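J.: Sequence:
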Amino acid sequence: MEGSHWFITIRQLSNRHGDKDTLTSPKSSQKVPNANKITMASSSSSSPNLLTLILDITPSTWGQRKIIRSAKDKALAAKNKSSAGPATLMDDVLTAILALGVSFSCLNRDNALVVIAATEYEAAVIYPRKGGEGCMEDVVMGGSSGACGERVDAGLLNDYLRLGVAELINRAAERSEKLNAEQGNDKEKSQSSSTPNKGAVIASALSIALCTINRFMVAHHAGVSALADTSYSSQRKDDEGILALMGGKSGSSKQQQQQAQNEARGMLSSRALIIQASQDRTSDYNALMNCAFAANKSDIVIDGCFIPSGVQEDPKSSPFMEQIVDQTKGVYLSVPSGAAQVGGALSEVLMSVFLPPPNIRSNMNLPKLNNVDFRARCFETGESIDVAQICNQCLSIFKVKPKDRCLTCGAKVKKRSSSTGGSKRLKVS
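In this text, residue positions in the sequence shown follow my numbering: the first is 1, and each later residue adds one.
What the hints contain is simulated information worked out from the structure, not anything from laboratory work. These numbers were taken from a predicted model, which means no experiment stands behind them. Note that the Cβ used here is the ideal one computed from N, Cα and C, for glycine as well. A hint or two may mislead.
As the list claims (entries may be wrong) - Quick list of in silico lysine-lysine cross-link-like pairs, PhoX-like style, CA-CA up to 25 Å:
1. K368 to K316
2. K412 to K401
3. K297 to K368
4. K316 to K329
5. K198 to K401
6. K412 to K198
7. K401 to K415
8. K297 to K329
9. K399 to K316
10. K66 to K316
11. K198 to K399
12. K316 to K72
13. K403 to K415
14. K403 to K198
15. K399 to K412
16. K79 to K66
17. K81 to K66
18. K399 to K414
19. K403 to K414
20. K415 to K399
21. K66 to K130
22. K316 to K198
23. K178 to K198
24. K66 to K198
25. K414 to K401
What the hints assert, rightly or not - For each label pair, taking beta carbons as the anchor points, the in silico distance ranges come out as:
26. A219 to A75: 48 to 56 Å
27. A294 to I390: 17 to 25 Å
28. A287 to L76: 36 to 44 Å
29. K74 to Q393: 36 to 44 Å
30. L366 to L163: 18 to 26 Å
31. N290 to K74: 40 to 48 Å
32. T381 to L163: 36 to 44 Å
Just need the whole structure built from these sequences, with the hints factored in.
T.: And the structure:
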């Protein structure tokens, strides 16, 4: 067929004359009707985007999954079957992040990428690194050649990701050994100082992400902070935003208006993506909600991706991340267990769900959060509770009052005498 050899050329219609709803083949002057009215904006006309990616690299979580993966692969190999997961950190997750980062840089030559890794003890920026080639200053200010994806170097991204992950895992292992030694020497002191949580410090990583986004905003807006733009925030009062959240009203229309204003002025659009594999740290709930409110105030969209292990006892989702994504109007996905996590499938999942920018997501069939549990959770057990004991120092929530110290801030618990009317509240000093 002659039509099978055609090469349709999509032109910048704004620079040429003619019908805007048609496409013209270079071999024929006959106009081909474009039923879908597809329009493509050039990289110079669309606003640049900043993607801040937060990765959970908790050694205990990924180490357990590597053991499970090895055992399953041996059993499947005996039956001549391919691997069925779960995903491993170095082989599957980092490969998927590299593919997502390179694809994101190709959407716009001015797009910027920042990767933050988090263990159970600390969080740090692993791409770009301080000093040297491709440092943070170069990424913030951009390059001069104007090549597509010049702010994201695929080679540096691959090297820095693996180097940063290895460094943080080694530091986490050293700290675990040190804490175990201290626990053996002074059991009482170690119990009061150590945290009962085993998950990654997502709250610290998200705080670093918001600070990094503001740094990009200041540099891109000629020294003006991201919070100084009063053209939109002055139209919405603080109590109006809180009432909108309480009433369940969607703020997507206001976000679309703000994004349209940013594109018209060439401003930087920012968003964050959290990739989590470990359980939620119950003591970080207040910090996570504060970060969510700050991101919502600054119109920063936060997306969430949870990678379950497939083990029945392990969590299959993150209730805290669901609340954050729901408040910031992002996209949340719990990756299916099995083959969807291995063999390049995880790369396809991340790119198909989280690569599209927020301003076009309304036209796509993306996963949606239908039921989000907003009940308070005990900081010790993680259970959803209706009546709780609250620490008056750090506002931590407990199902049962701690005996001696608050498990979050370590403050001593004062026992109330019977003459004061009982001990229904947790009072610390």
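J.: Between the alpha carbons of K178 and K198, is the straight-line distance 25 Å or under?
T.: holds (16 Å)
J.: Indicate whether the distance between the beta carbons of N290 and K74 respects the range 40 to 48 Å.
T.: Given about 46 Å between the Cβ atoms, the range holds.
J.: Need the status of pair K66, K316: alpha-carbon distance at most 25 Å?
T.: Cα-Cα ~17 Å, so holds.
J.: Checking one constraint from the list: CA of K399 to CA of K412, max 25 Å. Satisfied?
T.: Within the cut-off at roughly 17 Å; holds.
J.: Check the hint pairing K412 with K401 against an upper bound of 25 Å on the C-alpha distance.
T.: Cα-Cα ~12 Å, so holds.
J.: Would the pair K368 and K316 pass a check requiring their Cα atoms to be no farther apart than 25 Å?
T.: holds (17 Å)
J.: CA of K316 to CA of K72, is that 25 Å or under?
T.: holds (19 Å)
J.: So if I understand the rule, the pair passes when the alpha-carbon distance is 25 Å or less; does K198 with K399 pass?
T.: holds (19 Å)
J.: Hinted pair, alpha-carbon criterion (25 Å max): K316, K329. Please report holds or violated.
T.: Within the cut-off at roughly 21 Å; holds.
J.: Between the beta carbons of A219 and A75, is the distance compatible with 48 to 56 Å?
T.: holds (52 Å)
J.: Take a quick look at whether K297 and K329 sit within 25 Å of each other, Cα to Cα.
T.: holds (12 Å)
J.: Does the structure keep K66 and K130 at a Cα separation of 25 Å or less?
T.: violated (31 Å)
Checked against the numbered hints above, the structure violates hints 21, 29 and 30; every other hint is satisfied.
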